[in-house]
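Number of protein chains: 2
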Amino acid sequence: MISIVLENIHRYNLITKGDNVVIGLSGGPDSMALLYCLYEIQKELDFNIVAAHVNHGVRGEDALIDQLFTEDVCNRLKIPYHTINVDMNKYGKEKGITAEEAGRELRYGFFRNLLKDLGGGKIAVAHNKNDQAETLLMRIMRGTGIDGLKGMEFKSGDIIRPILNISRDEIEKFIKTNDIETVLDKTNLFPIYSRNKVRLELIPYIEKNFNSNIIEALWRLSQTSSLDVEFLDDYCEKKFKLMVKEIQDDCIIIDGDLFGSEQKGIKQRLLRMFVLKLTGSLQGFTEQHIVLMLDLFTELVTGKQINLPLGLTARVSYDELIIERERSFKYEGFEYKLGMGENYFKDLNLKFKLSLIDNYDGFKMGKDRKYFDFNKIRGNLYIRNRKFGDVFVPLGMVGSKKIKDYFIDKKIPRDKRDRIPLLVDGEDIIWIIGYGISDRYKIDKDTTKILMIEYKYTT
Amino acid sequence: MISIVLENIHRYNLITKGDNVVIGLSGGPDSMALLYCLYEIQKELDFNIVAAHVNHGVRGEDALIDQLFTEDVCNRLKIPYHTINVDMNKYGKEKGITAEEAGRELRYGFFRNLLKDLGGGKIAVAHNKNDQAETLLMRIMRGTGIDGLKGMEFKSGDIIRPILNISRDEIEKFIKTNDIETVLDKTNLFPIYSRNKVRLELIPYIEKNFNSNIIEALWRLSQTSSLDVEFLDDYCEKKFKLMVKEIQDDCIIIDGDLFGSEQKGIKQRLLRMFVLKLTGSLQGFTEQHIVLMLDLFTELVTGKQINLPLGLTARVSYDELIIERERSFKYEGFEYKLGMGENYFKDLNLKFKLSLIDNYDGFKMGKDRKYFDFNKIRGNLYIRNRKFGDVFVPLGMVGSKKIKDYFIDKKIPRDKRDRIPLLVDGEDIIWIIGYGISDRYKIDKDTTKILMIEYKYTT
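Chains as they are written, first to last, in the working numbering: chain A, 4 to 462; chain B, 4 to 462.
Mixed in with the good hints, there may be bad ones.
Same chains, same label: a pair holds when it works inside one copy or across any pair of copies.
Unchecked claim - Here are the simulated lysine-lysine pairs, BS3-like style, with alpha carbons at most 30 Å apart:
1. Lys20 with Lys267
2. Lys267 with Lys241
3. Lys98 with Lys211
4. Lys200 with Lys211
5. Lys242 with Lys267
6. Lys379 with Lys176
7. Lys211 with Lys93
8. Lys267 with Lys280
9. Lys46 with Lys354
10. Lys379 with Lys407
11. Lys96 with Lys211
12. Lys244 with Lys96
13. Lys20 with Lys414
14. Lys448 with Lys241
15. Lys267 with Lys244
16. Lys367 with Lys248
Please keep in mind that the hints were generated in silico from the structure rather than gathered at the bench.
Extracted from the complex, chain A is given alone in its bound form (with noise of 0.2 Å):
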């Protein structure tokens, strides 16, 4: 079992050199078992194992017991040991949640506290193969797609299962070789929680009745899974880097016509990995919405809207596909008609002066006043505050540059932007008010009548 671990730990990158491990130690065999294989393993790799023991505070006088047998067997193999009393009952009702869920909210809260003190590191839990099963046949009654069925990993985020690959027949015969003494945690031996019932009757019916080795075929399904997810996941994130025309904290806007490219479920897993990308979870999302989603990015009516779970919308756009994050602190925006003359807008505390001149000497141009080729101004002249996706063409250049990039080059902060004002007509940003004019409008040696624009701020 000592070297099926070793090999764990190279081949999953599970403990480095100087690592702190936090070994959740309940006391049964699992995590005894754990404890030992990284006591030994210790010795050749260099790290430190640290114990740490929680008291769900259901058990009274028997939780009491393996409370001290766990500091007893650590004392005596000089492992610093930790523990903490919770109760479990009392936190799920209180977070309206599941005592189970409870439970695990706790003890990851109490490890991660004693690796923040520790200065990081990984924790290590005693799942193993007839947990996976377990995990999979859960997974499997409550609704998955093959992303569950690859159950848990040897490593995810800093949780490490060194011993997952092993079988509770494994672990028992090691328990029983190596005379190591643990106690029983007798909750695990009634089928009130959802995974003992799993455990006590639905395994060992599935075992009498269809497949003595179901442990290990649910082994290889969450294997072959994994190997299936990892593809499809690279797959779609090199597809995506393809995709995708813009991403920033709160928008992600992809390319219609690669996208529509892919097979349906490539898209799906797409829509999955951008709201994932936008948010961070998935939560609230149901297969209805994805399907939702796909319809919308199928169809590709422009303008057309749907909203969803964690303050999305999406919508297309031409050929391009929008999913929008609502903004905390959403502005407003303004959009106001210049005229000739003297403009005066109050909310802006911004004066305007447009004139018509014909002197072609004498320009005084200057921040605050710039001359342009009146006849290439097509419609009515606007002063409004940047829309997604604006470009301009900056003096002397030929190509467009998102308005977006421009701030970013100019070191505009993020908070400032949507209230920078933009002089506009019915077809393109002329003038990046305090900033720079677009080349498409100025003056060159065909021009016959030329604006002059002047601006002032109030305060």
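Chain B: place on chain A using the hints.
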């Protein structure tokens, strides 16, 4: 229900105009609902329904009642009716398979015979959403990867399943609403077969203890798995086309670098695909065989070979991965050294005469006499039969051609190809005896020494 079935028919292209559709009609609710649905849809879509009933010979009087009932229904609806009496228990014992498998073989054999008489068509079976759930659970319990989780398909080969996405509850409702008479297959009521055990014990247990919507949850798993598998298979098919260097009836040669650049899950899927392409089956192949092949093709040790089921061997040759099937007739092969002057090879009933000539005039080129530039020959001369991968530069050509393709062009039968003598030197094929010589050894303006070779068959 009829509209759902009609949509299935369109979406999955189950039935086209003029099709012959043989319905497997047990007389139970599922197949009776299928019959009535298709009977209605037939009025819109022009196709031919034929009913087929199998009396499996295990339920005596009851089975006879079902047989008469289905015949009567079809007579009333004016649907052509065919029936057969078999003994599935006896047949199963004879063939060493379970009674369930025997019943299946006999049923589909009967349906296919009917189709043959009708000149082709489809077999419609009444598998529904509950059957799909049962199939998934059985596969999960027996052990499967995600390929098994896609479950049964709406269409697979000549079999169509028009009510696959309809639950047993919906079927019962349809039967009741439309006042359709059915019989009850009592063999479904006893948990003697695995499937009945799943239906009557396992699913009710899960519905009661874990998820009352387990049928739906498993249906969604089958649908998402199906999409993922479809994508993975398409991906592998595309990659296969890029990495296959040669594919014959009994051999596949793969570019090792391209294979090596894929992820592990894809590699395993590709290996199964190679085997399927060679043999049409994965019978006898376990995960262990795939792992062995994967290791071989990862280590890339030239010359190492492993034996596999179905008479396959896998080996590595430099950057090529080769999977070969044992030929039913394996020709032993030959190789003889040639010297100047007379040579006689008794085994081949073949005489050769080699002479150096300095008289450039009076060439008497013939099928049995050729002239070569002696200085172009490297090393010794041999007579041997072809080896796998042999190439040849036919007279007048610049590039080389595979000997195999040359033989195909010359319309030489497969069983003779291994026996045609080839004149070779240490590097190349010089002359395919009875056919052409190599461009590389021909006499040209720089030739100073000419080798004349004549041959004669002694029988």
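Violated hints - listed by number, lowest first
Violated hints (numbers, rising): 6, 9, 12, 13, 14, 16; every other hint is consistent with the structure.
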